[in-house]
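Engineer: Turn these sequences into a full structure, and let the hints guide you.
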Amino acid sequence: MDGLKSSEAHYAPFTISQLLAKNYDYWALGHIHKRQTLNDMPVIAYAGNTQGRHINEPGPRGISLVTINQQKQTDVQFLRTDVVEWTNVAVQAQKGMDLQQIISAIIQAVEPLAAQQLKLVNINLQNSNVLTPEILDELTSGIVLTQIQKQLDQEVFWVYRISLKVNNNIRIFSELDQAYWEKATANVFNEKKFKKSSAG
Numbered sequence: 000m001d002g003l004k005s006s007e008a009h010y011a012p013f014t015i016s017q018l019l020a021k022n023y024d025y026w027a028l029g030h031i032h033k034r035q036t037l038n039d040m041p042v043i044a045y046a047g048n049t050q051g052r053h054i055n056e057p058g059p060r061g062i063s064l065v066t067i068n069q070q071k072q073t074d075v076q077f078l079r080t081d082v083v084e085w086t087n088v089a090v091q092a093q094k095g096m097d098l099q100q101i102i103s104a105i106i107q108a109v110e111p112l113a114a115q116q117l118k119l120v121n122i123n124l125q126n127s128n129v130l131t132p133e134i135l136d137e138l139t140s141g142i143v144l145t146q147i148q149k150q151l152d153q154e155v156f157w158v159y160r161i162s163l164k165v166n167n168n169i170r171i172f173s174e175l176d177q178a179y180w181e182k183a184t185a186n187v188f189n190e191k192k193f194k195k196s197s198a199g
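The sequence shown runs contiguously to residue 199 in numbering that gives the first Met the number 0.
If you are wondering where the hints come from, they were derived from the structure by calculation, not from laboratory data.
On a predicted model such as this, the values are computed, not experimentally measured, just so you know.
Each hint should be verified, as a subset may be incorrect.
To be verified - Per label pair, the in silico range of CB-to-CB distance:
#1 Lys21 x Gln76: 20 to 28 angstroms
#2 Asn38 x Gln69: 19 to 27 angstroms
#3 Tyr25 x Gln91: 41 to 49 angstroms
#4 Ser16 x Gln100: 52 to 60 angstroms
#5 Thr131 x Arg52: 30 to 38 angstroms
#6 Gln125 x Ala11: 36 to 44 angstroms
#7 Leu98 x Ser16: 51 to 59 angstroms
#8 Val75 x Ala11: 18 to 26 angstroms
#9 Lys164 x Gln107: 15 to 23 angstroms
Just so it is clear, CB atoms sit at the ideal spot from N, CA and C, and this is done for glycine as well.
Structural biologist: Structure representation (structure tokens):
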């Protein structure tokens, strides 16, 4: 069924031939979050959602402005409505790379994004199985991600995650472990509380 050709849940199944049989000038389809056109004449299309919700919904998001003239000619314009765009950027790891070379490669790959739409960037570090265990440990610690964020210091895009592909398995290190953050926050709070009590 054409209405089910999506990674999303099955919803309102249909075939294109069923829609064409209705002789409508235009079919605006919903529910599916990915923008796609199923037929050109007449236009049968999903506009997609107006804002990507996570990294699995990357790329520009918006609406379709559709105009049909008296000759039944259809003009479809895409208008962006998203505030932030989720983006994947691939960086190829090379054997023998040291940590600074990896950081430089990542920064070089994302710098062209500076003049574009506000973005949340996921770095796909491919072929990372060729890297040494020491470098992989550095990458998984979360320190490298923080260093990249500080070095870029950008307001129009933010590298929020580094994904490593090791032996065909994706290992994701988006932020430092949540438990670590909770522990660190508790320590800071206790230290401030202690100083305040001491000062009083």
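Engineer: Give a verdict on every hint.
Structural biologist: Status of each hint after checking the structure:
1. Lys21 x Gln76: 20 to 28 angstroms: Since the Cβ atoms of Lys21 and Gln76 sit about 24 angstroms apart, the hinted range of 20 to 28 angstroms holds.
2. Asn38 x Gln69: 19 to 27 angstroms: Roughly 21 angstroms apart at Cβ, these two residues keep to the hinted range, so it holds.
3. Tyr25 x Gln91: 41 to 49 angstroms: 43 angstroms, holds
4. Ser16 x Gln100: 52 to 60 angstroms: For Ser16 and Gln100 the Cβ distance comes to about 55 angstroms; the hint holds.
5. Thr131 x Arg52: 30 to 38 angstroms: With Cβ atoms ~36 angstroms apart, the hint holds.
6. Gln125 x Ala11: 36 to 44 angstroms: Cβ of Gln125 to Cβ of Ala11: about 38 angstroms, so the range 36 to 44 angstroms holds.
7. Leu98 x Ser16: 51 to 59 angstroms: For Leu98 and Ser16 the Cβ distance comes to about 57 angstroms; the hint holds.
8. Val75 x Ala11: 18 to 26 angstroms: Because 22 angstroms falls inside the window, the suggested range holds.
9. Lys164 x Gln107: 15 to 23 angstroms: Holds: the Cβ-Cβ distance is about 19 angstroms, inside 15 to 23 angstroms.
When each numbered hint is compared with the structure, no violation occurs for any of them.
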